[in-house]
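There are 2 protein chains.
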Amino acid sequence: MTDHQGLGSPDHTAFDLHQKLTAQGEKVRTLKSEKAPKAEIDAAVQVLLKLKEDYKTVTGQDYKAGSPPTSTIVSNSNGPAVEDGDDQVDPWNVSTTSAKGVDYDKLILRFGSSKIDQDLIDRIGRITGQTPHHFLRRGIFFSHRDMHQVLDAYEKKKSFFLYTGRGPSSGSLHVGHLIPFIFTKWLQDVFDVPLVIQLTDDEKYLWKDLTQEECYRFAVENAKDVIACGFDVNKTFIFSDFDYMGMSPAFYRNVVKIQKHVTFNQVKGIFGFTDSDCIGKVSFPAIQAAPSFSSSFPQIFNERKDLHCLIPCAIDQDPYFRMTRDVAPRINYPKPALMHSTFFPALQGAQTKMSASDPNSSIFLTDTPKQIKNKINKHAFSGGKDTIEEHRKYGGNPDVDVSFMYLTFFMEDDSRLEKIRQDYTSGALLTGELKKCLIETLQPMIAAHQERRKQVTDELVKQFMTPRKLDFNF
Amino acid sequence: MTDHQGLGSPDHTAFDLHQKLTAQGEKVRTLKSEKAPKAEIDAAVQVLLKLKEDYKTVTGQDYKAGSPPTSTIVSNSNGPAVEDGDDQVDPWNVSTTSAKGVDYDKLILRFGSSKIDQDLIDRIGRITGQTPHHFLRRGIFFSHRDMHQVLDAYEKKKSFFLYTGRGPSSGSLHVGHLIPFIFTKWLQDVFDVPLVIQLTDDEKYLWKDLTQEECYRFAVENAKDVIACGFDVNKTFIFSDFDYMGMSPAFYRNVVKIQKHVTFNQVKGIFGFTDSDCIGKVSFPAIQAAPSFSSSFPQIFNERKDLHCLIPCAIDQDPYFRMTRDVAPRINYPKPALMHSTFFPALQGAQTKMSASDPNSSIFLTDTPKQIKNKINKHAFSGGKDTIEEHRKYGGNPDVDVSFMYLTFFMEDDSRLEKIRQDYTSGALLTGELKKCLIETLQPMIAAHQERRKQVTDELVKQFMTPRKLDFNF
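Here the protein sequences come in this chain order: A and B. For the first sequence, the numbering used here assigns the number 1 to the initial residue and increments by one for each residue that follows. For the second sequence, the numbering used here assigns the number 1 to the initial residue and increments by one for each residue that follows.
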């Protein structure tokens, strides 16, 4: 599983300058609105002009408020993956040059998946008797595979199970990491089905400069955050690969079965592995594939092999499951269905990558209310104009404004969000006011998460992570 | 682990003809010695001449008694492995064009191992206070790596452990399969150390057209034959990969650790894998490597990581352990030491391959005394001359005579074996008499094995295959 939900390949210097310029613009704006002494205003304007000059030197472009630099994306992918124009999406790299982020319609075409259209959203609402989650209504989960088949079967009283996961590359999650879990919890609630959550500590050990002990510790730490999302211990099994592989002969048997039916050529094509990659990476895709099959969890599914699986995940994980769907019929297992989410942008904008090592690239689940406020005010890329006058006159651009993007993820009230969008676009709502909305949305949400996480005891983690029967009879 | 102990790539037509010619020669000889009617003798000689003609057509060579055809070796290896002149040796293919078998001195040079010389044999005798096993005295275990280090440590009261294995590709073993186990048992007896035995059912599933269930069943069946060799349940752990991987988080952690430190390029170079090989094959070498490290068996070694390992195996398995020894220092584990055996020849001669699907290619552990007698009399390639007169005059060639080769493996009495060699070489001992010696050696040996195997209960197999502490304290 990916360890990021952000977009890749920043050109930090240009972005830093852009951020400084935006901040300086706001400073000038504030000084003017506060009727500050002319000398002070002039000094601030001089700084602004100097920054604009530097910006042009570095980027070769004129500074435009609300339009971050279109940097040359330097990819460190080791493979072909999917590159569309300037978008690149694979399980280890996601990058784009567009401030709006990846072009998801093109990705659907390229990946051969299907758009989650209004019909499907309505059908989910109808079948579950629940208002579809705002991630569905707002196109955050935007793509799927075989979702209608899952619903067809469900209508015929055939159950399925949910599978999602996380690559534990650090102990601290940011808000973007919650997206698949928030949505998976909603799916579990409305469909009332079992859920398995894979923590790919083995993958992180193979890909990162980390020890097995560190990866495992991160897995357990991450499990606490996952549990804090509110999952029901009686319906959910969370597992570390390092642990579960050594506890379940059925899981290993499925891994080997998959490994027999996938060639090096295939993983080279799908993931871009090269001859210099270690054999652990080469064979890992089978380990992420195996939980798609109910026979990997005989304790939960009473050794049944025929249960369908639905995988909610970020679109960058799709290559794993394209491979899985390709293998499934050849080993007599049902193909898993999928629901794909868009990526969660970094505070600095949809082209930059969130990084666990850069605390300013996102809001972390451990941030204090003050940190949340400061980060958003200081780092959230703004789609607003340079001066209040200009902003009032021309309006802001919510499509590139990170605060607005974050609100689409976390503000549940549709009509309020729409009002914000309109007001920001018209210029009635200033950047500072928009940021305030986001701060007031995230502060209580994260405080509540921290409160729930505190309640997660080691004992409870152990319960979640013990292979066992769940509250479902198969 | 290999599933054969024989030599590869026969040219069946030529060999069949050679066998027929040898048989027909014996028939002519018998008729003459029995003073049969001249017409009958003439008819038999006509058949002999026709066969000689056919033989020349097929092979382009004149028939020579005791010298099987030097066929063109058609290798079905998927890799470079080691080819020396006409010898090829890798874990899946062993072939040679020499009737004497593979040139082992050249293999030592090529593999970079060391010869087991008289000094080492004497040292083993001295340290253990036991006569070195006849496999050592007769050069059947002929090559080693780091054996002196194992003995140095042993002299300083540092213990080590033994590791060997088998690839369970069929339920029935032939006598050649016993070689590593007979020797390993001797080593365990004289050094009094723990032993782990890996049954690579996962490998056989990956390489063969077999189901996982079949491979696992073969593993359990093979375990019974292994146990029948007389291993002590308190000192020996036998495991199927399918089972143990799913029972031991420590084993999987070591497998992944190895997989992180070996690239596809490396396994391509060592094993000859190609891009068309499945990722299971590509990553399997790590699974055969992992038991070389004591930390893979925390239950036996009390989580110690520093114990040295000694691996007795056929030389074709060396590529796995060259790789293992290369990885070991990079993951802070000691390199395993090795002792390599020669290959066990097929009844038809050192160039032909024993095959589980051809019951006549070897003596199986399930053969009746009558089957043993018939197979040896009918199929054991003879180094004798065409006629009794010639044989008496010129003598036989024990170096290509399969019956004599088998006796070097199974006749424990050195002086008796040497007498047979001399008498056969001089012509005093006829082929029929030599075969009789072998029959009389194998019949009771195999009957005794069958008797011991009958005593192996499912309960005992389960005991051997349960991860547990052994009668050693670490």
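Since the hints were derived computationally from the structure, they do not count as laboratory data. Among the hints, erroneous ones may be present.
Which copy? The list can't say, so a pair holds if one copy fits it or any two copies do.
Said to hold, decoys possible - Straight line, CA to CA, 30 Å or less: simulated BS3-like cross-link-like pairs of lysine-lysine:
no., residue 1, residue 2
1, 378, 35
2, 35, 370
3, 378, 268
4, 462, 305
5, 305, 208
6, 268, 208
7, 27, 235
8, 305, 52
9, 27, 52
10, 373, 157
11, 32, 52
12, 305, 64
13, 100, 373
14, 38, 305
15, 156, 268
16, 235, 393
17, 157, 20
So which hints don't hold here, by number, going up? 3, 7, 8, 10, 12, 14, 15, 16 and 17
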